[in-house]
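J.: Reassemble the complex: the two chains are provided individually, in unrelated frames, and hints are given to aid placement.
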Amino acid sequence: MEPLGLCAPEDEHVIMACGIHCVQIELKNAVTNAFGEGGLDKVNALQMLHSMHRLQESVTRDEWQHILNLSSEFAFNCNPENIDGGELTPAQRRNRESFHNKHNHVLAFHCKFKKEQVDPSATKLKGTVLSKLQQPTLARWWTVGAAASFFFDHCLVIFHACQTAIDVFDSVQTPNDIASDLFAMMIDVENFVNMVLIRCFNKAHINQHFDWMQSCEDLTQELGCQAHNMAIRFFLTDRDIRGIMWGRSTEDCHKAVKSACKGREDGVTEHTRHFTKLNIFVNEARDLLHKHFPQWTSPKLMPAALSSEGPTACVVAAATLKRHVMPTFAADEGVADLMHAAGKMEFCSEAHKAAVNLTAFDAFIRRQLDSVDGNCSPAVIAAAERLCAGNVNLHETNHADDNGALLWSMHSTCLPVPSILQFVESGVKEAKHVSATDRSEAIQKCLAVVGSCTPLGKAKSINPKLSFNVNRILAVLRSSEMHASPHVQWSNNQECTQ
Amino acid sequence: MWLGHELRNSKIHMACDKGDKKGISHLVKCLVRWVPRRAEKRLLDIDAAGDTSKECAAGIKAPMNTLKLNDDDNTHLLFVGWGLTVVVVALLNHCANTWSRLVSAPQKTSM
Numbered sequence: 000m001e002p003l004g005l006c007a008p009e010d011e012h013v014i015m016a017c018g019i020h021c022v023q024i025e026l027k028n029a030v031t032n033a034f035g036e037g038g039l040d041k042v043n044a045l046q047m048l049h050s051m052h053r054l055q056e057s058v059t060r061d062e063w064q065h066i067l068n069l070s071s072e073f074a075f076n077c078n079p080e081n082i083d084g085g086e087l088t089p090a091q092r093r094n095r096e097s098f099h100n101k102h103n104h105v106l107a108f109h110c111k112f113k114k115e116q117v118d119p120s121a122t123k124l125k126g127t128v129l130s131k132l133q134q135p136t137l138a139r140w141w142t143v144g145a146a147a148s149f150f151f152d153h154c155l156v157i158f159h160a161c162q163t164a165i166d167v168f169d170s171v172q173t174p175n176d177i178a179s180d181l182f183a184m185m186i187d188v189e190n191f192v193n194m195v196l197i198r199c200f201n202k203a204h205i206n207q208h209f210d211w212m213q214s215c216e217d218l219t220q221e222l223g224c225q226a227h228n229m230a231i232r233f234f235l236t237d238r239d240i241r242g243i244m245w246g247r248s249t250e251d252c253h254k255a256v257k258s259a260c261k262g263r264e265d266g267v268t269e270h271t272r273h274f275t276k277l278n279i280f281v282n283e284a285r286d287l288l289h290k291h292f293p294q295w296t297s298p299k300l301m302p303a304a305l306s307s308e309g310p311t312a313c314v315v316a317a318a319t320l321k322r323h324v325m326p327t328f329a330a331d332e333g334v335a336d337l338m339h340a341a342g343k344m345e346f347c348s349e350a351h352k353a354a355v356n357l358t359a360f361d362a363f364i365r366r367q368l369d370s371v372d373g374n375c376s377p378a379v380i381a382a383a384e385r386l387c388a389g390n391v392n393l394h395e396t397n398h399a400d401d402n403g404a405l406l407w408s409m410h411s412t413c414l415p416v417p418s419i420l421q422f423v424e425s426g427v428k429e430a431k432h433v434s435a436t437d438r439s440e441a442i443q444k445c446l447a448v449v450g451s452c453t454p455l456g457k458a459k460s461i462n463p464k465l466s467f468n469v470n471r472i473l474a475v476l477r478s479s480e481m482h483a484s485p486h487v488q489w490s491n492n493q494e495c496t497q
Numbered sequence: 000m001w002l003g004h005e006l007r008n009s010k011i012h013m014a015c016d017k018g019d020k021k022g023i024s025h026l027v028k029c030l031v032r033w034v035p036r037r038a039e040k041r042l043l044d045i046d047a048a049g050d051t052s053k054e055c056a057a058g059i060k061a062p063m064n065t066l067k068l069n070d071d072d073n074t075h076l077l078f079v080g081w082g083l084t085v086v087v088v089a090l091l092n093h094c095a096n097t098w099s100r101l102v103s104a105p106q107k108t109s110m
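Here the protein sequences line up with chains A and B, keeping their order. If you count the first sequence from 1, position 255 lands on 254 in numbering that gives the first Met the number 0, and the numbers rise without skipping. If you count the second sequence from 1, position 63 lands on 62 in numbering that gives the first Met the number 0, and the numbers rise without skipping.
Excised from the complex, chain B in its bound form (with noise of 0.2 Å):
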């Protein structure tokens, strides 16, 4: 919630990278944006997918839904395509709203 909150107003950047540790697997998703002077890295999950193109795009869409206020909302749109790796841009702008509301006139069902 509080990464949700942070990257509001930001151009953010996605790097995905699936990897197998030991048998452990995980797809990757680190975010990256541009704060003053430097670049700004922040894991947003490790949880596992599937090996396909498919798999791997719902995998990222359940991390990038607990950045916004309500799940499917249109506030977080990724930039993406698929490969064995990938990064991807997503542009957060749209989140400032609904952000906003959260902070000044909280709910806590939403919470």
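So here's chain A without its partners, still in its complex pose (with noise of 0.2 Å):
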């Protein structure tokens, strides 16, 4: 950008990367590193959740639902213990023996296994079995995790659904390769316990990250506005995969281990293998926690941490004076002064809905601080002072008091930073609803930039009486009318001054 001149000073700019993108790679870093990447020639976890899709995807949604509900009737019916010889052949036999005793070996992978039969005739697929899968990539959002939560909820349906798929499709055709694949992937305890890994990584850390990322409008009134909170929302996420090991946010995971070591002559080697993959997975994605989120605590971009709620801002403000000691907080700070019995303060944060621990919190940030050089401009030591004083409340909007300037110098240079890009891809979707009655760019573009300001949500802002559409045709006609009428006064003036 600088040969093209398009930067300013150096001083005056700040750049950081996409939250959620940060926390989307530690979940990369850790699966690519600790099991390897996916691919067509590739034997793993990850291979295991495509294959699911791609199995999905080779066979019609009927053919596909119907092999579902008859294996999903399968499991809730199966009994290990009983198999229904009935008339069948010797072969036939032999062959149903050799399938149960595959899925009596799945069987005993996990003891959560879901074994729902399922409604043909339900409206809402939400959450079983019959639910279509979007494709698992490292790169997306949540869709792996959700492969791999779904992939354990119904492991034994996949299961028979495998063999089903086999049973019917030519071995020349697509669905009864992808099915073979995956049947034998299925049945190495190995992958099994690797994406139960990675489901309970992203239940036990990314789900509840990215819910309060897309979900958080504290302040800033905007979804992915939120810098301001960026400091302790690392905080949050460095305590959660520091404490990912133990507790019950793995348990699933240490089962499937000790069901996988069960019975096994070198039982006390595989488990400690199993958990020195689990510390390189943790650590990978610590690894990377801390390459991407420490922009949020440089100099440049921990002011924006002077508007977050009062005593976590205090704390702040304290670190970047480099004060000696952590800030003092009035009882109706909302702070639980827990010094004495456990040896913290705890605020209960609105914004992050979660507790903060303001004695590691101090500690964090001042280690951050020490890790990095560069000092912060006169502007923000004077506001940080001033906050210590209590002479004034960065969290809040009210511009009009004697603090108004300093209030709108720090709000106008933090607070509008994004700390996410998902509201970007919006832009995007209008485009692709515009391009597809094949109009020509230019035209997309323009119509995406008049979508993006045009108000379409539903919201009875302009008369609480009326209708929602009406109101939203209202709010529209006064958007446009609002756009236009500059134009038409400029339009004036020109011809005026001809």
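Note that these hints are calculated values from the structure, not bench results.
Okay, derived cross-link-like pairs now, SDA-like style, lysine to any residue, Cα gap no bigger than 25 Å in a straight line:
#1 B/Lys17 x A/Ser425
#2 B/Lys53 x A/His291
#3 A/Lys428 x B/Leu2
#4 B/Lys67 x A/Thr453
#5 B/Lys53 x A/His12
#6 B/Lys53 x A/Ile14
#7 B/Lys17 x A/Ala145
#8 B/Lys67 x A/Val487
#9 A/Lys428 x B/Ala56
#10 B/Lys17 x A/Gln421
FRET-style restraints, in silico, Cβ to Cβ:
#11 B/Gly49 x A/Ile472: 37 to 45 Å
#12 A/Arg95 x B/Gly49: 51 to 59 Å
#13 B/Asp50 x A/Ser425: 18 to 26 Å
#14 B/Asp50 x A/Val42: 26 to 34 Å
#15 A/Met338 x B/Ala47: 55 to 63 Å
#16 B/Asp50 x A/Glu424: 15 to 23 Å
#17 B/Gly49 x A/His323: 46 to 54 Å
Here are some chain B residues pointing at chain A (derived, C-beta under 7 Å):
#18 Trp1
#19 Trp33
#20 Arg36
#21 Leu42
Just so you know, even glycine gets a beta-carbon here, dropped at the ideal spot from N, CA and C.
T.: Laid out in structure tokens, this is it:
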């Protein structure tokens, strides 16, 4: 950008990567480095998830639903102790026994498999085995986690569905090919344990931080503009990832490992190997967290945290000023002083919907500040001093009082900094909608730009007594008028000057 | 043009993301600024751009020029780095004068 003359002086600009992408890459790096990448020639947990999606895509929707219906019936009624031979030929009996043996092998992987019979007439498919699975791509939001959860829940049904696909389709047909591969991968307990680890990591770590990033509108009233909360989120993410190997968050994974090692002669060695793998997985994720998130605690972006909620902002201010002790808090600030009982001060953050250990947060922020070079600007130092003295609260948007200029300066610089880029994708969606009508690229762009600033949301902003549709139409008309009137005025001005 | 006028005297922040939805390649550029009590987002442009950093930078320069009175005016300075996905911060303080001139004594040739 610099050679093009687009950049301003270096001390005035800030650059950062999208928070959601950073969390997503945590998972990507951890999976790739611990288990390897997916690929048609690979046999690992990631490829197992891909194969399941490919199998679903290789058959028609009706066929797939019928197969799953039969498979869920089997999983629901199957009794491993009693195999009904019926009037089978010896070869059929042999094949059935072989399948049941493999099925029992998979059944022993875990005790939490779902065995629900699906209702083929149900209209609501979400959460059932009939729901359509998105392609699990490591760089695409929650898709891998969702696929792992789906696979774990419906493992037995999918296993039977693979066998059905192998039986129904010829060996030269694609569904047979994919189902054979998937069947073989599912029997391998190693793949299952790895898949459970991906699921646990998503549930315990990724999902909650994704949810927060996609839903928080604290102070800015806009999704994706939470720069002031990102330093605290960094602290919470770091805390979570440190504790992920213990407690209940990876309970399912530990159970899967236990089942995998049960009855084996080299059980202890295997257990150690799985535990080492878990270690590598978590360490990779943590390394990446500490590679990308420190941008939010750099001298350029740390000032944004001064606009966070009161107690956390005070801690950041004290650390910015390099005060030797952390600030004290009054009881009415929502801080529980547990120093004597638990050695910490706890603040229930409304923005994060989580308890923040202020003592640990203070130490964390100071460590982060010590690890980077550079100083904050004089304006930031002045704001931090006033914050520490209790003269200003940057977590409010009233710019009318004595601190108005300071608030405006801090807010206009730090708060609009986008923390995630998911909202940017809405522009691509607009273009996709427009392109469906075969319009030219220029028209697609125009319509996308106009669409982005048109109030199309569901709100009764004009007249609460009228319906949503009427309100929406009135809001669109008002917005169009507001945008068009300056152009009319400029056009009139031009005619006057000619 | 209206957007350029609206953004005068503002500190604006840009978010860019490269997307490829069903074969449609786009470099989406969104502007965000602080208005009293809330942040406000505006879509600047969704035109395609190449894959290299240089091509992406050129892809940002073109729509930024549409905000200016004349191309390559020293009015809209971007503060940018590049990665897979980046957020760019720009300050538009310098465009105040040019926009005041346009609104008070417009020249048809520039419109």
